[in-house]
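Participant: Listed in order, the protein sequences are those of chains X and B. Just so we're aligned: 461 in my numbering is position 415 of the first sequence, and the numbers increase by one with no gaps anywhere. Just so we're aligned: 141 in my numbering is position 129 of the second sequence, and the numbers increase by one with no gaps anywhere.
Don't take each hint at face value.
Pairs of lysine-lysine residues, derived as BS3-like cross-links and limited to a Cα-Cα distance of at most 25 Å, are as follows [stated by the list, open to error]:
#, chain 1, residue 1, chain 2, residue 2
1, X, 387, B, 255
2, B, 45, X, 70
3, X, 198, X, 387
4, X, 451, X, 461
5, X, 212, X, 283
6, X, 333, X, 451
Computed beta-carbon distance windows for the label pairs [unchecked claim]:
#, chain 1, residue 1, chain 2, residue 2, range
7, X, 479, B, 130, 54 to 64 Å
8, X, 572, B, 130, 24 to 34 Å
9, B, 117, X, 212, 53 to 63 Å
These are calculated hints, taken from the structure and not from any lab test. This one's a predicted model, so the numbers in the text were calculated from it and none came from an experiment. Positions of the beta carbon are idealized from the N, C-alpha and C atoms, including for glycine.
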Amino acid sequence: MSPDGPRMKRGRESMTTAKTQTEKMALRALPGDEVRQILWRFADRYDLQMAVQAVRALARGPVARMVADGARNSHEWTDEKAALLNEFDASGLTALGMDPEFGGYVEGPKNLALALAAFELSWVDGGSATSAMATNLALGPIHERGTPEQQKTYMSRCVPPQPGEKRTIWRGAFALTEPLPYVGVNTRVLSGGVRVAKWKEGEEPLLQVEKRGRFITNMAFANFVTAAVDSDDERIKGSCMIILHEDDPGVFDRGAPTRKLVHQLSSTNDPIFSLKVPASRIVGGFKVRDGVLVPNYDHAEIIAAVFRRTRVTVGLMTAAKLLSAVEPIIRYQRGRYRGGKTIEPGSAFHELGLQQKEDVLHRLVDIWASGEASAALGFAAARLFDEFDPIEKHKDKVFEERGLKGRAQLKELKKLEKPALEYIELAATPAAKRDAKRFEELEADRLVQFMVQDAVANVLCPAVKLWNTGQGTNMMREAVSLMGGYGITEDCPGFIGQKWMDAQLEATYEGPEAVQRRQLAITMTQPVFLAHFRQWIAEMRRVAGRRPGTGACTVASAMELWLWTLRHLSEAEDADGTPLYRDKRQGVTFPMADALCWLLASRQQILDLLELERRGPENEALAEGLPGYVRFFTDLCHVQAARAAGEVGRLCSELVFGYNRHPSWEAEGASCYQADELEPLDGFIPGIAACARSFTDVVEADGSHPQKAGPCVCFTGMEAFTSMRRKLDGCLTGARMAKDRAARDLTQVMIPEVPDYPT
Amino acid sequence: MSQGFHLVVCGSIVPDPLQTLEPIQGAEGPALKNEMMLPAVLDPWAGHALYEAAHLAAATPDSKVWLVSLGPRAKLQQLMMTIAPKAAFELVALDGPAGGFTEAWETAEALAECIKTIPGLDRSRLLLFGGCASASRDAGVTMQMVGERLEISDQFLAVDELTPQENGTIRILERIEAGRYQVSECAGPPLVAAWATGRLPEPPNNAQLGMQNMRSIMPALQKAQPARVGAEGVEFLEVEVPKQRRNTRVVEDASVDEMAREIVEWIRK
Ligand SMILES: Cc1cc2nc3c(=O)[nH]c(=O)nc-3n(C[C@H](O)[C@H](O)[C@H](O)COP(=O)(O)OP(=O)(O)OC[C@H]3O[C@@H](n4cnc5c(N)ncnc54)[C@H](O)[C@@H]3O)c2cc1C
Chain X
47 MSPDGPRMKR
57 GRESMTTAKT
67 QTEKMALRAL
77 PGDEVRQILW
87 RFADRYDLQM
97 AVQAVRALAR
107 GPVARMVADG
117 ARNSHEWTDE
127 KAALLNEFDA
137 SGLTALGMDP
147 EFGGYVEGPK
157 NLALALAAFE
167 LSWVDGGSAT
177 SAMATNLALG
187 PIHERGTPEQ
197 QKTYMSRCVP
207 PQPGEKRTIW
217 RGAFALTEPL
227 PYVGVNTRVL
237 SGGVRVAKWK
247 EGEEPLLQVE
257 KRGRFITNMA
267 FANFVTAAVD
277 SDDERIKGSC
287 MIILHEDDPG
297 VFDRGAPTRK
307 LVHQLSSTND
317 PIFSLKVPAS
327 RIVGGFKVRD
337 GVLVPNYDHA
347 EIIAAVFRRT
357 RVTVGLMTAA
367 KLLSAVEPII
377 RYQRGRYRGG
387 KTIEPGSAFH
397 ELGLQQKEDV
407 LHRLVDIWAS
417 GEASAALGFA
427 AARLFDEFDP
437 IEKHKDKVFE
447 ERGLKGRAQL
457 KELKKLEKPA
467 LEYIELAATP
477 AAKRDAKRFE
487 ELEADRLVQF
497 MVQDAVANVL
507 CPAVKLWNTG
517 QGTNMMREAV
527 SLMGGYGITE
537 DCPGFIGQKW
547 MDAQLEATYE
557 GPEAVQRRQL
567 AITMTQPVFL
577 AHFRQWIAEM
587 RRVAGRRPGT
597 GACTVASAME
607 LWLWTLRHLS
617 EAEDADGTPL
627 YRDKRQGVTF
637 PMADALCWLL
647 ASRQQILDLL
657 ELERRGPENE
667 ALAEGLPGYV
677 RFFTDLCHVQ
687 AARAAGEVGR
697 LCSELVFGYN
707 RHPSWEAEGA
717 SCYQADELEP
727 LDGFIPGIAA
737 CARSFTDVVE
747 ADGSHPQKAG
757 PCVCFTGMEA
767 FTSMRRKLDG
777 CLTGARMAKD
787 RAARDLTQVM
797 IPEVPDYPT
Chain B
13 MSQGFHLVVC
23 GSIVPDPLQT
33 LEPIQGAEGP
43 ALKNEMMLPA
53 VLDPWAGHAL
63 YEAAHLAAAT
73 PDSKVWLVSL
83 GPRAKLQQLM
93 MTIAPKAAFE
103 LVALDGPAGG
113 FTEAWETAEA
123 LAECIKTIPG
133 LDRSRLLLFG
143 GCASASRDAG
153 VTMQMVGERL
163 EISDQFLAVD
173 ELTPQENGTI
183 RILERIEAGR
193 YQVSECAGPP
203 LVAAWATGRL
213 PEPPNNAQLG
223 MQNMRSIMPA
233 LQKAQPARVG
243 AEGVEFLEVE
253 VPKQRRNTRV
263 VEDASVDEMA
273 REIVEWIRK
């Protein structure tokens, strides 16, 4: 076929057909609920769809009005802010996290439900989301490890009273962080203490709790606090979490409001507690062994169980900010010059304004793509926890029955690693080729399934918290800059400046980035996770085969590079002979954690796109717009995949080469030619001496050498890496074309006439 | 009262007014650009009718509310996520276009025929509610035509208040010109009430109620019959969205008298 073939064919097409086709494939309107429900897999969950609408009305109504009226400009918990709590109750948000038996209305695990609610609130204001989620955080320890009586008592008290019911609703606070120099990132340096105050034979012990908190959310009004404390008495073993009431005898000092710069619609204080409480308030109960009170769960175990869920929600709070920035930015860009004396309606300046400039479009594409990737990753993690909750509960029950705790439990779990790996292998084998009986057997084994999913959950949770909030904050800065001076004022439409600052808190509380990187550094090297990861590479290649424009192949190549690098770093040493991938070497482990997050987010974004393509046609309302959405999201995936590949390539190269010593001119056996070695060779191979000088480093007879740091690094032993890296660079092919296409969409997409919340 | 009311509310979707509404010439006549992709809301006057109906039903034992909606099924489903938690009702859905370019006559025909087939509906107890107008096409005639087809001759337009009396009659306040109300007393159902704004605010969300409603809403949507409505034989010469005109001037320290005088002058112009 002549190279002109396709072009000629296109030339024959009628103009109208081509135009209609282009219009059909263009992004015509901003993605609405129908698209989101499919992408984030709640198209069949009417309970969640209703919750989303209710929370959205709350966010874009009372919350937005408060922010617009300047309610964020005070540190104190004002009456105006307090009124928000009643709005939460009235909208159904407060009861959203509760089980129906305690007055809630969503059956089953509620990770996705709470994630969606936090997302909707943060679309307008992150502080309102923090405020709404804080009681759930306080209830977290009770939900995860509380005794049945504790669960019943506190859950039902925290549900708004039903019509006709005379009861004041309870709100809670979660107190782990302590004044310096105690608990922060390091949750084990507890100063809060618990002692036995009175313990009469055969009676419930009375405990004295001393705890000071720092930055405790909901503290201005909390009726109860779940506090982390350590034993300060030899009659109590280890640490625990304990429930404090505002009317317990002693000091319940709410403390001064934190002078925070962000999330001002939430209350944060530094409280002081010195209270007498019955031992039945220990979360999860206790046993008495040899006259010693032994809490059933230590504080570290409880907070690990709590945070692994709530951190995902926080990640989605930042994702919402990025996606919420798109519409105000487009509106600003288009309207930038309208109203000017010389700006005629219909002119490019009038219609497109700043959107005539490529850079602002490209940057907005980047913001949008990051928002999609982080939402994809966050909601995937929330869904995983919904699936995982019953499996984990089953595991806890089995191990409790067998009396297995701590190390004994870990030992038992280790035994499950082999069948878990076998299951992952079988699951990836085509049904016709695998041992069906064995597969079914392993699938039905809930302990094996626990191992299989736990490995992913242990990576996804910190990845969401780390990447969504950290990289999200960086991207919010881009969003701010696209709004010019407005961006950094209170008047900025969409509250983008405030959201940028808010995002930084989301990167900090519930464990800053270092905590997440530390966790990932361990969990991402676990064999079961790596077995998943290998299958994901194959999966991305398959996707790429079917859908080449998605960037799936790029992601797969970057995943291979990451995996190679991880293996290399685990075995390699630095130039001083010190091993590289070790707990203490955060300079090695942390960047690898960062790199992984880019990959996970990109992969999930692509998987969500496939879901939209698959299920979109089921929704009649999408019929018209679907081709455009699919095309546009494909391009966003490609853009994001390229960015991820770039980050991974950069980080891996830096780690692989960065710990080697650069060859020097002085070193013995430096990897370069000496001039006097080349001269004789020239006799046999004429021209070699001249040629060598343009390809490699030659030290002249007088000892002089090219002006550079030393002979170039030799890649011997690194061929696999360099060839993967080269391949990855090639994999970026087309990514900028995708960006150009997506940028064009931004100039054409229809946006609402006016924003749907006051700013 | 021995028997409660059977309240049928006619109401459907309109495009969210905050969206960009741009009339275009579609394959089958005029349409709004990207209409199916835009978020929709409950037609505001029909909304008032629905909330008034739910309130009345809750206060009158043995009453029931049906919401009869003619609209694109998928869009109706999305709308239900917002209104199901606000009022107790049973949905009767008809799948068809609900835009501003359908002929009220055809819509009324489809709605009336559908209402006639509602199982268990006692038309002697029927209070037929709807909006006095629609936000997508202010025809203001649909409810009368539905009423006629159901042979209901007691019709009240632009209703703001409807109060059942002790003696079984119903007192109705209708908006008339010059900001006044016409007060009527009607012997009882059946009647048509096309609501203006009514007196009730939008009810608060009740998630439990929403879950309860959804149990019947989903099957109703699944069995929604296609309704053939359009604007056969009608030729649209021109369509345009009403332009919002806003002349804002920031004037500080103007007295109330000055402001009033200026407004009167502006109205006179
Ligand atoms: C508005 C707000 C609300 C909050 N709400 C609550 C609440 O309701 N309940 C509660 O208990 N807490 C709450 N917090 C506290 C929050 O969780 C802590 O501030 C956070 O965990 C960090 O602790 P820190 O401030 O002591 O930081 P530090 O522990 O001092 O850490 C500071 C930085 O040092 C580095 N670093 C520290 N340790 C390591 C390490 N091992 N490896 C590598 N780097 C390290 C990291 O860069 C880290 O970001 C809130 C905080 C704020 C600001």
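Participant: If you test the structure against every hint from before, which numbers come out violated?
Facilitator: 3, 5, 8
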